[in-house]
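Novice: Please model the entire structure based on the sequences and the hints provided.
Here is how the chains run, residue by residue.
There are 2 protein chains.
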Amino acid sequence: MTREKTRKIKLGGLYVGGDAPVSVQSMCTVKTSNVTAVLAQILELAQAGCEIVRLAVPDEASAKALPAIRAGTSLPLVADVHFDYRLAIAAMEAGFDAVRINPGNIGSRDKVKLVARACLANGTAIRVGVNGGSLERGLLEEFGSLPEVLAESALRQIELLESFGLRDICASVKCSNAPDTVAAYRRLAERTDCPLHLGLTEAGGAYMGTIKSSAAIGALLLDGIGSTIRVSLTADPVEEVRAGLALLKAVGLRREGVELISCPTCGRTGIDLIAAARSVEQLLRDVKTPLTVAVMGCAVNGPGEARHADFGLAGGAGEGVLFRRGEIVGKAPEEELVGALVELIHREIQ
Amino acid sequence: MTREKTRKIKLGGLYVGGDAPVSVQSMCTVKTSNVTAVLAQILELAQAGCEIVRLAVPDEASAKALPAIRAGTSLPLVADVHFDYRLAIAAMEAGFDAVRINPGNIGSRDKVKLVARACLANGTAIRVGVNGGSLERGLLEEFGSLPEVLAESALRQIELLESFGLRDICASVKCSNAPDTVAAYRRLAERTDCPLHLGLTEAGGAYMGTIKSSAAIGALLLDGIGSTIRVSLTADPVEEVRAGLALLKAVGLRREGVELISCPTCGRTGIDLIAAARSVEQLLRDVKTPLTVAVMGCAVNGPGEARHADFGLAGGAGEGVLFRRGEIVGKAPEEELVGALVELIHREIQ
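Sequences listed follow chains C and S, in order.
Per numbering that gives the first Met the number 0, the first sequence starts with residue 0, numbered consecutively.
Per numbering that gives the first Met the number 0, the second sequence starts with residue 0, numbered consecutively.
Read the hints as simulated data drawn from the structure, not as lab findings.
It is possible that some hints are incorrect.
The list makes no distinction among identical chains, and a pair is therefore deemed to hold if it is satisfied within one copy or across any two copies.
Calculated lysine to any residue pairs in the SDA-like style (CA-CA distance at most 25 Å, straight line) [to be verified]: (1) Lys4 to Ala182; (2) Lys63 to Val299; (3) Lys330 to Arg277; (4) Lys7 to Arg253; (5) Lys63 to Val286; (6) Lys30 to Phe163; (7) Lys63 to Gly48; (8) Lys330 to Ser133; (9) Lys110 to Asn300; (10) Lys30 to Ala298; (11) Lys4 to Lys63; (12) Lys7 to Arg190; (13) Lys330 to Leu283; (14) Lys4 to Ala45.
Specialist: Next comes the structure, spelled out in structure tokens:
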């Protein structure tokens with residue numbers, strides 16, 4: 000998989016775009032004005048693996064809390080600003096690493112100029128965050144198709160910001176359905192080298208939102224598009240981080256810990272494979288070494304089918320085998336199989 | 000989204016390919032020889048929305064059970080056969096609608112010829128099911144890249160079957176990682192007009208497997224590729240059906256019941272949006288009419304951002320509004336908002 004070449008921007012200690020790994024971000028759900036709650040949530044997100052945190056800055060009270068929030072964490076922070084460019088400037092002065100503005104509501108060219116100048120003065124990056132639900136007036140009439148409008152809106156704003164000398168620009172073109180979102184990002188990726196922040200908006204609850212985001216963001220990542228992602232869910236943002244990291248693993252962009260491969264059980268299965276797969280996942284969840292571990296139902300085909308796995312077990316009638324890169328290295332009765340595999344793995348990775 | 004043009008095949012009362020809707024399938028996990036258990040599981044799968052059921056036929060005992068299974072259900076049935084072509088023929092004679100063979104182990108040209116002839120004699124369709132873990136010998140050395148080998152293996156088998164006069168052929172090229180699976184299906188779709196059965200193999204447990212399958216199958220569906228899908232999970236097959244249907248909805252290929260769109264909560268949110276979204280999803284789960292329902296956090300932007308939704312609510316501080324296609328149609332205190340929305344929807348769809 001070749002990744003699209005983009006410019007590289009820096010958010011605190013993290014790079015986005017260029018040759019940097021695709022990063023996972025989320026957004027706080029507590030009131031930004033509540034510094035204690037925000038810092039507690041940022042810590043929780045960071046522990047889950049979140050790499051960039053965004054905060055809504057809807058008013059003066061939120062803006063006032065930003066310096067204390069900035070002082071309380073070293074994670075890259077992004078301020079989400081609508082309507083009022085002065086809130087964006089306040090976030091920059093508080094030391095936020097980026098601000099997100101929405102071309103649909105940030106206002107006139109003069110206001111964008113003030114934002115761009117403040118970005119340059121403070122070394123702040125910007126995300127042009129276009130949203131299918133709050134587009135610039137007139138664009139839909141001019142262009143007709145939603146993906147085209149989303150991309151065009153982002154491109155115009157990027158061009159405007161660049162005309163003021165700004166280069167550290169990231170862009171997003173989110174809408175609530177997968178086909179338009181994918182089409183919009185593809186158009187945008189063809190026409191800019193800014194790193195792209197991928198996501199959908201109003202994707203839904205944890206289950207449907209994860210599936211919709213995996214399809215849309217996954218399709219783009221598999222095409223080499225995207226430098227940072229957010230899986231938006233109407234759920235605890237820790238779930239967003241979990242889903243985002245899982246998606247990066249699923250498309251092969253991140254390797255950390257155990258990747259479990261397991262055959263769907265079928266009428267050929269001799270052992271309780273679902274239980275075995277769950278136990279293996281559970282018992283190895285603290286392993287950080289990137290490993291592929293296979294849990295296969297069939298002792299005859301399993302080791303061969305999963306020969307690309309680092310380790311694996313394959314069950315037979317009442318007993319099964321352990322294998323390492325396709326080679327059988329042991330045998331155990333069914334009830335000891337999972338334990339023996341976990342022991343083998345712990346021994347080998349030490 | 001334009002779908003790839005494929006030939007159309009018939010499985011019982013269901014069409015696959017051509018202009019037929021993309022269908023969802025799964026596989027029984029109970030022993031095929033246990034007719035009672037199989038029929039109970041087929042019923043459960045059908046109730047979950049499963050449209051095609053596959054059964055493993057690994058031995059003579061399973062083959063013997065097929066006529067009784069066939070007699071007990073009208074759902075399209077597919078027999079999954081490896082190694083022994085005679086089991087495929089037994090399934091056709093039992094009235095199964097299709098058999099799946101694996102070019103990596105079905106054996107010589109003569110055996111494939113016997114299978115093809117039996118397909119023609121019994122009006123049975125065939126799936127050429129290539130699997131990254133059990134490839135034909137020598138192909139990997141000949142072609143080098145896994146996606147190319149997967150596609151080539153399928154194409155050779157399709158050609159061979161066609162040389163015996165068979166046209167009702169479907170194909171799949173599954174492997175356990177998303178990038179290779181997507182690349183293999185894209186190559187295959189360019190070079191055949193057979194309908195494609197999409198899926199990954201050994202995708203993992205319910206969580207990771209759903210994400211990986213959504214990314215890979217979703218990417219292909221969004222490109223217009225795929226006529227039937229299976230989300231393989233090491234989990235209850237009902238979960239496979241649920242995930243498959245959700246994925247079709249997520250990529251816009253199926254509309255049934257409520258599609259919930261909801262903004263991720265943020266520091267701007269005035270109501271408990273996560274709870275409201277969950278309640279709305281729960282209270283409307285029996286609605287069959289295709290509806291988009293929005294649950295938005297912000298009474299100012301919500302109705303506009305979600306103006307494409309059929310119905311919605313948007314919360315403010317302690318109270319909120321109801322809207323219908325972007326137009327505000329009511330107002331209620333926070334604690335009555337969900338109830339009022341559900342009532343409005345039930346009234347309108349009657």
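Novice: Decide, hint by hint, whether the structure agrees.
Specialist: Outcome of the hint check:
Taking the shortest Cα distances, Lys4 and Ala182 sit within 25 Å of each other both inside one copy (19 Å) and across copies (20 Å). Taking the shortest Cα distances, Lys63 and Val299 sit within 25 Å of each other only across copies (23 Å), while inside one copy they are farther apart (65 Å). Only within a single protomer do Lys330 and Arg277 lie at most 25 Å apart by alpha-carbon distance; the minimum there is 20 Å, versus 47 Å between protomers. For the homomeric pair Lys7 and Arg253, the shortest alpha-carbon distance inside one copy (19 Å) is at most 25 Å, but the shortest distance between copies (39 Å) is not.
Taking the shortest alpha-carbon separations for Lys63 and Val286, neither the intra-copy value of 41 Å nor the inter-copy value of 46 Å comes in at or below 25 Å. Taking identical chains as interchangeable, the C-alpha atoms of Lys30 and Phe163 are never at most 25 Å apart, the minima being 33 Å within one chain and 69 Å between chains. Taking the shortest Cα distances, Lys63 and Gly48 never come within 25 Å of each other, neither inside one copy (27 Å) nor across copies (52 Å). For the identical chains of this complex, Lys330 and Ser133 are inter-copy neighbours only, at 22 Å across copies versus 61 Å inside a copy, given an alpha-carbon limit of 25 Å.
In the homo-oligomer, the alpha carbons of Lys110 and Asn300 lie at most 25 Å apart only across protomers (21 Å), although the nearest pairing inside one protomer, at 65 Å, exceeds that limit. Only between protomers do Lys30 and Ala298 lie at most 25 Å apart by alpha-carbon distance; the minimum there is 17 Å, versus 54 Å within a single protomer. Neither within a single protomer nor between protomers do Lys4 and Lys63 lie at most 25 Å apart by alpha-carbon distance, with minima of 38 Å and 58 Å respectively. When the C-alpha separation of Lys7 and Arg190 is checked against a cutoff of 25 Å, the pair qualifies only within one copy, where the shortest distance is 16 Å, while the shortest distance between copies is 38 Å.
For the identical chains of this complex, Lys330 and Leu283 are intra-copy neighbours only, at 20 Å inside a copy versus 51 Å across copies, given an alpha-carbon limit of 25 Å. Neither within a single protomer nor between protomers do Lys4 and Ala45 lie at most 25 Å apart by alpha-carbon distance, with minima of 28 Å and 47 Å respectively.
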